Amino acid sequence: MPRSDTADKRAPHGDARISRRGLLTGVGIALIAGRRPVLAQTPIRFGLTPVFLNNDLELLSKLKAYLERATGYPVQLVTRRTYQEITSLLVSGQLEAAWICGYPYVQYRDQLSLVAVPVWHGKPLYQSYLIVKEDRLVNAAEDLRGDIHAFSDPNSNSGFLVTRALLADWGETPDSFFRTSIYTYGHRNVIRAVASGLADSGSVDGYVWEVVRDVEPELAGATRIVRRSEWLGFPPIATPARLAGAPEVRAIAQALAGMQGDPIGQDVLDMLRLDGFEATGPELFDPIAAMYDKIRSAG
Amino acid sequence: MRWFGALPLTVRVPAVVALLMIAVSVTVSEHVLSRLNETQERHLRALGGAYMDGLSSSLVPHVLRGDVWEVFDVLDRARDRYEALRPIETVVTGSDGRIVAATDPTKAPTLSPLPVEFSDRFSTSDIAIDSSEDRAYARRVLAHQGQTIGAIYAAFDISHLSAERADVMRTLLLSNGLLTLLLAGIGYFATRRMVMPMRILGEHLRNSLDSVPEPIPASKLPRPGSEARRLFDSFNTLVRAEREREDLTLKLAEEERLASLGRLASGMAHEINNPLGGLFNALDTIKRHGDTASVRETAVSLVERGLHGIRDVVAAALHTYRPDRSPRPFGPSDIEDLGLLIRPELRRRHLDLQWDNDLRDPVDVPNAPLRQAVLNLLLNACNAAPDNGTVGLRVVRSETGLTIEISDTGEGLPEDAIGILTDPAGPAPIGTGSGLGLWMVRRSVTEIGGTIDVDRSNLGGGLVRLRIPVQTFSLDHGVRTDDAA
Numbered sequence: 006m007p008r009s010d011t012a013d014k015r016a017p018h019g020d021a022r023i024s025r026r027g028l029l030t031g032v033g034i035a036l037i038a039g040r041r042p043v044l045a046q047t048p049i050r051f052g053l054t055p056v057f058l059n060n061d062l063e064l065l066s067k068l069k070a071y072l073e074r075a076t077g078y079p080v081q082l083v084t085r086r087t088y089q090e091i092t093s094l095l096v097s098g099q100l101e102a103a104w105i106c107g108y109p110y111v112q113y114r115d116q117l118s119l120v121a122v123p124v125w126h127g128k129p130l131y132q133s134y135l136i137v138k139e140d141r142l143v144n145a146a147e148d149l150r151g152d153i154h155a156f157s158d159p160n161s162n163s164g165f166l167v168t169r170a171l172l173a174d175w176g177e178t179p180d181s182f183f184r185t186s187i188y189t190y191g192h193r194n195v196i197r198a199v200a201s202g203l204a205d206s207g208s209v210d211g212y213v214w215e216v217v218r219d220v221e222p223e224l225a226g227a228t229r230i231v232r233r234s235e236w237l238g239f240p241p242i243a244t245p246a247r248l249a250g251a252p253e254v255r256a257i258a259q260a261l262a263g264m265q266g267d268p269i270g271q272d273v274l275d276m277l278r279l280d281g282f283e284a285t286g287p288e289l290f291d292p293i294a295a296m297y298d299k300i301r302s303a304g
Numbered sequence: 027m028r029w030f031g032a033l034p035l036t037v038r039v040p041a042v043v044a045l046l047m048i049a050v051s052v053t054v055s056e057h058v059l060s061r062l063n064e065t066q067e068r069h070l071r072a073l074g075g076a077y078m079d080g081l082s083s084s085l086v087p088h089v090l091r092g093d094v095w096e097v098f099d100v101l102d103r104a105r106d107r108y109e110a111l112r113p114i115e116t117v118v119t120g121s122d123g124r125i126v127a128a129t130d131p132t133k134a135p136t137l138s139p140l141p142v143e144f145s146d147r148f149s150t151s152d153i154a155i156d157s158s159e160d161r162a163y164a165r166r167v168l169a170h171q172g173q174t175i176g177a178i179y180a181a182f183d184i185s186h187l188s189a190e191r192a193d194v195m196r197t198l199l200l201s202n203g204l205l206t207l208l209l210a211g212i213g214y215f216a217t218r219r220m221v222m223p224m225r226i227l228g229e230h231l232r233n234s235l236d237s238v239p240e241p242i243p244a245s246k247l248p249r250p251g252s253e254a255r256r257l258f259d260s261f262n263t264l265v266r267a268e269r270e271r272e273d274l275t276l277k278l279a280e281e282e283r284l285a286s287l288g289r290l291a292s293g294m295a296h297e298i299n300n301p302l303g304g305l306f307n308a309l310d311t312i313k314r315h316g317d318t319a320s321v322r323e324t325a326v327s328l329v330e331r332g333l334h335g336i337r338d339v340v341a342a343a344l345h346t347y348r349p350d351r352s353p354r355p356f357g358p359s360d361i362e363d364l365g366l367l368i369r370p371e372l373r374r375r376h377l378d379l380q381w382d383n384d385l386r387d388p389v390d391v392p393n394a395p396l397r398q399a400v401l402n403l404l405l406n407a408c409n410a411a412p413d414n415g416t417v418g419l420r421v422v423r424s425e426t427g428l429t430i431e432i433s434d435t436g437e438g439l440p441e442d443a444i445g446i447l448t449d450p451a452g453p454a455p456i457g458t459g460s461g462l463g464l465w466m467v468r469r470s471v472t473e474i475g476g477t478i479d480v481d482r483s484n485l486g487g488g489l490v491r492l493r494i495p496v497q498t499f500s501l502d503h504g505v506r507t508d509d510a511a
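So the protein sequences, as listed, match chains A and B. The numbering used here numbers the first residue of the first sequence as 6 and each following residue consecutively. The numbering used here numbers the first residue of the second sequence as 27 and each following residue consecutively.
You may find that some hints are simply not true.
Below, a sample of chain A positions facing chain B; criterion: calculated Cβ distance under 7 Å [as the list claims (entries may be wrong)]: (1) G151; (2) I153; (3) S201; (4) L203; (5) I300; (6) S302.
Quick list of in silico lysine to any residue cross-link-like pairs, SDA-like style, CA-CA up to 25 Å [to be verified]: (7) K133(B) <-> P287(A); (8) K133(B) <-> D140(A); (9) K138(A) <-> L224(A); (10) K67(A) <-> Q271(A); (11) K138(A) <-> L137(B); (12) K69(A) <-> V96(A); (13) K138(A) <-> G127(A); (14) K138(A) <-> D93(B); (15) K138(A) <-> P139(B); (16) K133(B) <-> D152(A); (17) K69(A) <-> T285(A); (18) K133(B) <-> I230(A); (19) K138(A) <-> D130(B); (20) K133(B) <-> R229(A); (21) K133(B) <-> V96(A); (22) K133(B) <-> R112(B); (23) K67(A) <-> K299(A); (24) K138(A) <-> L171(A); (25) K133(B) <-> L142(A); (26) K133(B) <-> L224(A); (27) K138(A) <-> S138(B); (28) K133(B) <-> V231(A); (29) K133(B) <-> V143(A); (30) K138(A) <-> T132(B); (31) K138(A) <-> R124(B); (32) K133(B) <-> A262(A); (33) K133(B) <-> D148(A); (34) K133(B) <-> Q271(A); (35) K299(A) <-> P287(A); (36) K133(B) <-> T185(A); (37) K138(A) <-> S424(B); (38) K133(B) <-> Y108(B).
These are calculated hints, taken from the structure and not from any lab test. Please read these numbers as outputs of a predicted model, since none were measured by experiment. Don't be surprised by glycine CBs; every beta carbon is placed ideally from N, CA and C.
Using the sequences and the hints, build the whole thing.
Structure, rendered in structure tokens:
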């Protein structure tokens with residue numbers, strides 16, 4: 006992603022110098038955006054975690070096109086391998102907004118502000134699943150002791166925190182309960198790891214698992230759900246607290262809220278299998294905050 | 027291999043061609059297959075090396091960190107990228123020798139020790155080929171800053187290589203088989219075509235053993251200028267020469283017969299002339315003293331006896347030199363005729379005749395050739411015997427046939443004469459100046475199925491013995507009469 010590289014290099018200097026690459030990018034954006042001259046404006050840098058299918062280039066280009074048109078700003082989509090990297094960029098103000106996970110959000114709740122929360126099946130909620138290979142004869146989370154367990158990301162709510170909190174309830178840690186744990190840095194990778202037999206079980210985002218079941222039935226079909234968690238706040242779009250109320254952030258909030266009424270926006274929602282985005286209060290993430298507190302006290 | 031030599035050329039040549047072709051194709055096939063094997067192995071090594079290079083460069087950082095997922099992810103993605111190599115299974119181990127990740131974690135689970143199918147294979151080389159399983163195994167040690175941090179083990183499916191070899195083998199077998207058949211077929215037809223003149227020649231040669239040799243007809247002659255044509259022409263020239271020789275022999279024999287006739291005729295003239303003097307005296311006596319009955323009767327009786335003698339001589343000559351059209355059986359009268367015919371010669375040479383005839387009844391043997399043969403032998407004996415010598419004739423009738431022995435007091439028969447007489451297949455002695463009469467004798471005796479042998483006679487000279495087989499006694503033939511005269 007050369008564009009994000011440019012953004013990273015420029016950001017620390019904080020100047021508006023237009024590099025050659027930036028100029029070319031701007032011309033490209035102007036051509037795409039058509040009537041509205043956007044060249045002079047500071048681009049919105051929008052971070053994406055591997056919370057979902059971030060390797061889908063079509064989705065990324067459509068999302069970018071929609072956001073640019075709906076906000077009137079040039080948009081840079083910034084992706085990183087781990088939640089940690091995106092969260093750091095966001096908290097340090099190197100991103101105007103990012104689609105992060107509920108867990109990093111509660112970790113940095115005082116430094117971040119909610120922009121919007123996706124709506125899935127009519128609610129801004131989702132679950133975490135514990136999955137095993139389809140033919141494995143276990144029916145409860147307790148049976149997974151001694152497994153090689155696949156987590157998605159140490160900063161993922163559904164892909165780590167939920168399971169970690171469950172173990173803490175039992176007085177266990179991943180190291181004590183599982184034989185070993187591996188991180189795949191992607192929910193889809195957790196499904197692959199379990200389906201292939203690389204891991205005996207995995208902690209996966211329920212929303213991603215359901216979408217994968219829809220898109221790649223044979224991959225998700227090779228796994229089976231052993232446990233569903235309680236309903237928790239869907240990974241939100243957040244912005245640094247100091248930018249809350251800034252025009253570009255308001256533009257993003259409006260663009261996300263208005264996705265349903267727009268053909269490209271609807272395309273993006275269809276690809277994401279989401280109903281839309283809505284604004285909610287931070288209390289939606291209280292249960293996640295409670296789990297975070299629990300594991301912090303457990304050590 | 028004697029049986030092979032007995033086979034016709036049209037089978038032997040294609041068989042040799044086929045054998046050679048089989049030998050050639052076996053050698054060629056072996057070379058092709060071994061070269062193919064080498065090439066395949068080289069390719070496999072190169073591809074396997076490339077696979078390992080590609081994997082190790084991307085795996086080293088992940089193995090260093092012990093990142094199970096990334097190692098698995100690299101392996102999983104590589105599986106589709108190296109389809110030409112057909113990796114079945116790839117296993118990555120860490121520095122402790124335990125598995126970090128494998129393409130099929132169900133077979134090689136993470137954290138477990140390396141499966142034996144890999145661990146036991148790499149004693150000498152980093153690549154091992156197991157033809158019986160159609161598998162190749164490769165190993166690559168992962169190193170970072172001089173430290174061994176792990177290893178990659180990979181198993182490849184090489185069944186397509188065996189299939190390719192089998193396919194090449196099949197193609198070779200099929201094409202060589204067809205080629206062998208084709209060449210053997212061509213060999214068969216070509217040989218058949220080539221030996222055809224030899225077969226024609228062979229048939230003619232075989233036929234000439236039983237009968238008169240026949241020249242090869244023009245319709246069977248190959249095109250002019252060919253080797254076979256020259257051979258056929260030579261054969262035909264030979265046959266024609268042989269026929270000319272035969273004709274000449276017969277002509278000479280006829281001349282010889284006439285010559286001996288001339289000699290006999292002069293003898294017979296004496297034979298007739300001698301009584302003629304007496305006859306004229308008797309006629310004179312009748313003219314002058316015919317009135318006296320006693321004298322006349324004596325004279326007439328004298329004339330009568332003289333004319334009888336003349337008649338016998340003439341009849342014998344006629345029987346010998348103008349044979350009857352229908353053959354008569356050989357009888358005692360024939361022997362008497364022979365005695366009559368040689369008498370002038372005996373007298374001329376002052377020879378004595380030992381006459382011993384055992385034959386009382388005719389036997390079923392054509393008389394003309396036998397008479398001719400015995401007469402010739404008797405005349406020969408007269409020639410061979412010195413003046414005042416003896417010539418013997420002995421005829422013995424036995425159960426199985428007739429034995430006739432002609433002997434004399436001469437020097438005995440010369441070697442070449444014996445050869446002519448006793449060799450039933452010998453050629454006519456043309457140009458040697460003598461022996462033609464003897465050759466005629468042998469021909470006549472062979473004609474009636476008899477044999478000749480030569481011995482020493484107790485008279486001191488040569489003895490020629492004829493054995494003539496007589497199958498049955500035929501009583502139908504009456505005693506020969508002289509009505510033919």
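Going down the list of hints, with the structure as the test:
Here the hint on G151(A) is broken, as its CB sits about 11 Å from the closest CB of chain B, past 7 Å. For I153(A), the shortest C-beta to C-beta distance to chain B is roughly 6 Å, which falls under 7 Å, so the interface hint holds. The interface hint given for S201(A) holds, since its Cβ lies 6 Å from the closest Cβ of chain B, which is under the 7 Å cut-off. With a cut of 7 Å, the hint placing L203(A) at the interface with chain B holds, because the nearest CB-to-CB distance is about 4 Å.
Among the interface hints, the one on I300(A) is violated; its C-beta lies about 22 Å from the nearest C-beta in chain B, farther than the 7 Å criterion. A least Cβ separation of about 30 Å between S302(A) and chain B goes past the 7 Å threshold, and the interface hint is therefore violated. Restraint check for K133(B) and P287(A): the C-alpha separation of about 47 Å exceeds 25 Å, so the hint is violated. Restraint check for K133(B) and D140(A): satisfied, since their Cα atoms lie roughly 15 Å apart, inside the 25 Å limit.
A hinted pair counts as satisfied when its Cα atoms are at most 25 Å apart, and K138(A) with L224(A) qualifies at roughly 11 Å. Proposed proximity of K67(A) and Q271(A) is supported: the alpha carbons are some 10 Å apart, at most 25 Å. With a C-alpha separation of about 18 Å, the suggested pair K138(A) and L137(B) falls inside the 25 Å cut-off, and the hint holds. Between the alpha carbons of K69(A) and V96(A) the distance comes to roughly 22 Å, so the proposed pair stays at or under 25 Å and holds.
With a CA separation close to 30 Å, the supplied pair K138(A) and G127(A) exceeds the 25 Å bound. Distance hint between K138(A) and D93(B) is fulfilled; the C-alpha atoms sit about 21 Å from each other, no more than 25 Å. A hinted pair counts as satisfied when its Cα atoms are at most 25 Å apart, and K138(A) with P139(B) qualifies at roughly 22 Å. Of the pairs offered as hints, the one joining K133(B) and D152(A) holds, with about 16 Å between alpha carbons and a cut-off of 25 Å not exceeded.
About 24 Å separates the Cα atoms of K69(A) and T285(A), which keeps this hinted pair within 25 Å; it holds. Taken as a hint, the K133(B) and I230(A) pair is honoured in the structure, with Cα atoms around 23 Å apart against an allowance of 25 Å. A threshold of 25 Å between alpha carbons decides the hint, and for K138(A) with D130(B) the separation of about 14 Å falls inside it, so the pair holds. Pair hint K133(B) plus R229(A) holds up; C-alpha atoms about 20 Å apart against a cutoff of 25 Å.
Restraint check: the Cα-Cα separation between K133(B) and V96(A) comes to about 44 Å, which exceeds 25 Å; the hinted pair is violated. The hinted pair formed by K133(B) and R112(B) meets the criterion: a straight-line CA distance of about 18 Å does not exceed 25 Å. Proximity of K67(A) to K299(A) is assessed by CA-CA distance (about 40 Å); at most 25 Å being required, the pair is judged violated. Taken as a hint, the K138(A) and L171(A) pair is honoured in the structure, with Cα atoms around 20 Å apart against an allowance of 25 Å.
With a C-alpha separation of about 18 Å, the suggested pairing of K133(B) with L142(A) holds against the 25 Å cut-off. Between K133(B) and L224(A) the CA atoms are separated by roughly 19 Å; this keeps the pair inside 25 Å, and the hint holds. Proximity of K138(A) to S138(B) is assessed by CA-CA distance (about 19 Å); at most 25 Å being required, the pair is judged to hold. In summary, the hint linking K133(B) to V231(A) is supported, as the alpha carbons are separated by about 23 Å, within the 25 Å threshold.
Pair hint K133(B) plus V143(A) holds up; C-alpha atoms about 20 Å apart against a cutoff of 25 Å. Taking the CA atoms of K138(A) and T132(B), the gap is about 11 Å. The hint holds against a cut of 25 Å. Between K138(A) and R124(B) the CA atoms are separated by roughly 23 Å; this keeps the pair inside 25 Å, and the hint holds. Only pairs whose Cα atoms come within 25 Å are accepted, and K133(B) paired with A262(A) is rejected, the gap being roughly 49 Å.
Of the supplied pair hints, the one linking K133(B) and D148(A) holds, its CA atoms being roughly 22 Å apart against a limit of 25 Å. At roughly 44 Å between alpha-carbon atoms, K133(B) and Q271(A) are farther apart than 25 Å, so this suggested pair is violated. About 19 Å separates the Cα atoms of K299(A) and P287(A), which keeps this hinted pair within 25 Å; it holds. Restraint check for K133(B) and T185(A): satisfied, since their Cα atoms lie roughly 18 Å apart, inside the 25 Å limit.
Note on K138(A) and S424(B): the hinted pairing is violated, with a Cα-Cα distance of about 121 Å set against a maximum of 25 Å. A C-alpha spacing of about 21 Å is found between K133(B) and Y108(B), which places the hinted pair at or below 25 Å, so the restraint holds.
Consistency with the previously given hints fails for numbers 1, 5, 6, 7, 13, 21, 23, 32, 34 and 37, ordered from lowest to highest.
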